[in-house]
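Sequences and hints are given; from them, build the entire structure.
There are 2 protein chains.
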Amino acid sequence: MAEVTNKEMTNREEDYSKWYNNLVVKADLAEQSAVRGCMVIKPYGYAIWEKMHEILDKMFKDTGHVNAYFPLFIPKSFLSKEAEHVEGFAKECAVVTHHRLMNDPNGSGVVVDPSARLEEELIVRPTSETIIWNTYKNWIKSWRDLPVLCNQWANVVRWEMRTRLFLRTAEFLWQEGHTAHATREEAVAEAQKMVNVYAKFAREYMAMPVVIGHKSETERFAGALDTYSIEAMMQDGKALQAGTSHFLGQNFAKAFEVQYANKEGKLDYVWATSWGVSTRLMGALIMSHSDNNGLVLPPALAPIQVVMVPIYKKDEEHSAIISRMNELKAEMEQVGISVKIDDRDNLRPGFKFAEWELKGVPVRVVIGPRDLESGNVELARRDISTKESVAQASLAQYVKSLLDEIQKQMYEKALKFRDENIIKVDTWDEFKQQIEKGGFLLCHWDGTAETEEKIKEETKATIRCIPIDSCVCEEEGKCVYSGKPSQRRVIFARAY
Amino acid sequence: MAEVTNKEMTNREEDYSKWYNNLVVKADLAEQSAVRGCMVIKPYGYAIWEKMHEILDKMFKDTGHVNAYFPLFIPKSFLSKEAEHVEGFAKECAVVTHHRLMNDPNGSGVVVDPSARLEEELIVRPTSETIIWNTYKNWIKSWRDLPVLCNQWANVVRWEMRTRLFLRTAEFLWQEGHTAHATREEAVAEAQKMVNVYAKFAREYMAMPVVIGHKSETERFAGALDTYSIEAMMQDGKALQAGTSHFLGQNFAKAFEVQYANKEGKLDYVWATSWGVSTRLMGALIMSHSDNNGLVLPPALAPIQVVMVPIYKKDEEHSAIISRMNELKAEMEQVGISVKIDDRDNLRPGFKFAEWELKGVPVRVVIGPRDLESGNVELARRDISTKESVAQASLAQYVKSLLDEIQKQMYEKALKFRDENIIKVDTWDEFKQQIEKGGFLLCHWDGTAETEEKIKEETKATIRCIPIDSCVCEEEGKCVYSGKPSQRRVIFARAY
Chain A
806 MAEVTNKEMT
816 NREEDYSKWY
826 NNLVVKADLA
836 EQSAVRGCMV
846 IKPYGYAIWE
856 KMHEILDKMF
866 KDTGHVNAYF
876 PLFIPKSFLS
886 KEAEHVEGFA
896 KECAVVTHHR
906 LMNDPNGSGV
916 VVDPSARLEE
926 ELIVRPTSET
936 IIWNTYKNWI
946 KSWRDLPVLC
956 NQWANVVRWE
966 MRTRLFLRTA
976 EFLWQEGHTA
986 HATREEAVAE
996 AQKMVNVYAK
1006 FAREYMAMPV
1016 VIGHKSETER
1026 FAGALDTYSI
1036 EAMMQDGKAL
1046 QAGTSHFLGQ
1056 NFAKAFEVQY
1066 ANKEGKLDYV
1076 WATSWGVSTR
1086 LMGALIMSHS
1096 DNNGLVLPPA
1106 LAPIQVVMVP
1116 IYKKDEEHSA
1126 IISRMNELKA
1136 EMEQVGISVK
1146 IDDRDNLRPG
1156 FKFAEWELKG
1166 VPVRVVIGPR
1176 DLESGNVELA
1186 RRDISTKESV
1196 AQASLAQYVK
1206 SLLDEIQKQM
1216 YEKALKFRDE
1226 NIIKVDTWDE
1236 FKQQIEKGGF
1246 LLCHWDGTAE
1256 TEEKIKEETK
1266 ATIRCIPIDS
1276 CVCEEEGKCV
1286 YSGKPSQRRV
1296 IFARAY
Chain B
806 MAEVTNKEMT
816 NREEDYSKWY
826 NNLVVKADLA
836 EQSAVRGCMV
846 IKPYGYAIWE
856 KMHEILDKMF
866 KDTGHVNAYF
876 PLFIPKSFLS
886 KEAEHVEGFA
896 KECAVVTHHR
906 LMNDPNGSGV
916 VVDPSARLEE
926 ELIVRPTSET
936 IIWNTYKNWI
946 KSWRDLPVLC
956 NQWANVVRWE
966 MRTRLFLRTA
976 EFLWQEGHTA
986 HATREEAVAE
996 AQKMVNVYAK
1006 FAREYMAMPV
1016 VIGHKSETER
1026 FAGALDTYSI
1036 EAMMQDGKAL
1046 QAGTSHFLGQ
1056 NFAKAFEVQY
1066 ANKEGKLDYV
1076 WATSWGVSTR
1086 LMGALIMSHS
1096 DNNGLVLPPA
1106 LAPIQVVMVP
1116 IYKKDEEHSA
1126 IISRMNELKA
1136 EMEQVGISVK
1146 IDDRDNLRPG
1156 FKFAEWELKG
1166 VPVRVVIGPR
1176 DLESGNVELA
1186 RRDISTKESV
1196 AQASLAQYVK
1206 SLLDEIQKQM
1216 YEKALKFRDE
1226 NIIKVDTWDE
1236 FKQQIEKGGF
1246 LLCHWDGTAE
1256 TEEKIKEETK
1266 ATIRCIPIDS
1276 CVCEEEGKCV
1286 YSGKPSQRRV
1296 IFARAY
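Residue numbers (our numbering), protein chains in the order written: chain A, 806 to 1301; chain B, 806 to 1301.
Honestly, I wouldn't trust all of these hints.
Pairs involving identical chains hold if they fit within one copy or between any two copies, as the list cannot separate such chains.
Said to hold, decoys possible - Listed below are the simulated DSSO-like cross-link pairs for lysine-lysine, each with C-alpha atoms no more than 30 Å apart in a straight line:
1) 1145 to 856
2) 856 to 866
3) 1145 to 1068
4) 863 to 1145
For the record, the hints were derived by calculation from the structure and aren't laboratory data.
The following block contains the structure:
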């Protein structure tokens, strides 16, 4: 493991896709497992996901939600109860058919015991609407039982044919909120509230600008009446859907017969939402900020915010430097900064610099014998590769405001890039040219699935969203493809 | 849901098992799902599990461990690589055989697509030694890569035939630590360290006394050279294994070819441990403390530590009381106490008292119009059902030390009960008599699996552990069953 340096990193400009895969593995974030399409999330990658989990969980609780846990398995018949839902997920289901292995009668290891066939096959959950609404049936009787505001942190499985670490894996980790409401208005408001929570998380913690919008009917979640999403732009100009929030209407309540008695004692079907973000956010984070030297992490999500590297020749120097480092570490920890001292004795400082650069640690602090005398440190920023000398006496306070500054600047940089690459396109020729360069194409569209499909066939671009914020789109115009009248622009892009 | 009161609780003395099931459901902790043997962990139950998770996670990190995530699925061939391991788990495996559903050609919903059969079946992990050691093979090359100290929070599936909420479910949540070491001594020390972490958690947070000990060879984890466990005594005198820590020797390193180069450059197999606790702890918690009025929670694990119930007739009274309650709530929260004001307007105070009793909230604070005048509150303790009047001015400080006191007393009460029910038994007649009454039977045993098996057949009692702490057991004697010589006593009990 120790031989990895960023010199071996693929160049981002040469092959963005290879650069990404390379970075994920070399920065110790994740790796392929022995199981097709399933990844191992390594400790460093998992530590970032844990931070995301922790922050999001608090945001959910602050907005009135509670956590619960529902079964991993879904009876096959449940999936079929909502017609669009099964259509959307049937083709990528992992199916459990047996509950026992036995010794092979021919003596070659273990085989499935044919006598242990399940009466009804179980699906490993691709999403939990069906099992949850089957449960809510018993929880909801009257308007007093509403709203139900549950979230679940769980693993789900979708048998994707082409997988990529974090971006598209057969198994992934996520949270799925499932709420039940007395009225349509309340459910719509909930779906909107949660897409806004996601946007806030993306912007403030991931330093990642996003556009909030509606999905087109074609791109909606299977079983939803409306899907809101946050769409981010990666550095190669491609779009990445980073979170979705669905207004499900009464579809699942009807499929699972969930009715409640309103204040007048009349029965009505319950209104639903669901919303989720997943370990895909890790991919979005990586592709928003990283460079040819490796990962660049926003301070708010960095498991290690400051790494300290000693430079020394003699043993006395070493012990004096480490002892000073421990004092400074304690001062920084006091103000809430997470610090690691890299005291490995078998590696040169240059190697350590490269490794922590690769891992995206926002600030590096170096102390050598001369710094010890002068009372300074050498401080380097990961995001813009600057170096400066900072007095030890004021280091903790300095780093604290620097981390805020880095967080802010990383967002601004990404926002500038994003906004420069949102392009108004009004003719089909322009569209075909521009889509090759990447970016979000802000175009008029005639609102039909046919046009959407044709544009996709010809250019691989899809409607990422019908924006609600981030750009002024309400204006009359003509569909970029069909020339038919349109009331607003939408965002087309190629997407992850 | 609102009609539930503890009057409907089964009496603990009449039918302990029914009392338990009843309590789990009525206190809103968990319920059966539509999937055989899988439970739904309801928000209130999950909130307790979250507290356990949070505290344990911190204890693991404080002892140098990091979290990671490994695949849900295990290739069937991996399970077979360690002979005892597959023997132990093959009979309870959920097996994924297909990866797609299709519309039934006969038009009756969806069916498994026969063309989507997997080349190799996948097992839903019953535990992750095999997939993890297959991964460690790539992580470990030299002594510098050791130790590897990973933990994973995950769901696992063991297809148990007879299930009970929390105690034995087909799917359960747990953590599994998997560590790799250069030497046998280090691995043994790790296994011991972690069983001690579990014991500390049980004692200090769950207020549950435990005996630490070795498992007998028969009761060991499939693939381990030594298994340490913590054994708790439930209120009916039965034992519950609450956590295990395994010294795995080099078994998995050999099965998956994991070798490291030591300082001399020589290759050697890596030494392993694994250790885990699960949502079973919820069952242990419930059965250690609860009574005929419902759950009794130790303050350290109570999602709500104080519930405040207003008593009023007029609207002005109500608003004055609630406003005072909000002030007191803020004062208590300031010192780290979690407080809920139950301001539901459609329920009588008596109903609320019963409900919060059922849910085990440690302290109830009631304020009526007279309390408002006198500047006092009525405070009730859940654990021993006492009531007292406390000055509002000192409420926060009073409750803070009271919660500590309750935590301590709950442990002492459970310890007293446990110690009174650890009985030295020296004859077979006594054994057969005593085992019917329950408790831990401290007996000499000749050390053979045959005797162990016969005792189990005749009395359903098993060796819970060969104690390391909690009782003086090193003494010469004669096996309670065979009369053969023995060097120490062990604990026999019937167990969950």
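Status of each hint after checking the structure:
1. 1145 to 856: Intra 17 Å, inter 28 Å, cutoff 30 Å: intra and inter.
2. 856 to 866: both (15 Å within a copy, 14 Å between copies)
3. 1145 to 1068: between (58 Å within a copy, 26 Å between copies)
4. 863 to 1145: For residue 863 and residue 1145, both the intra-copy (26 Å) and inter-copy (18 Å) Cα distances are at most 30 Å.
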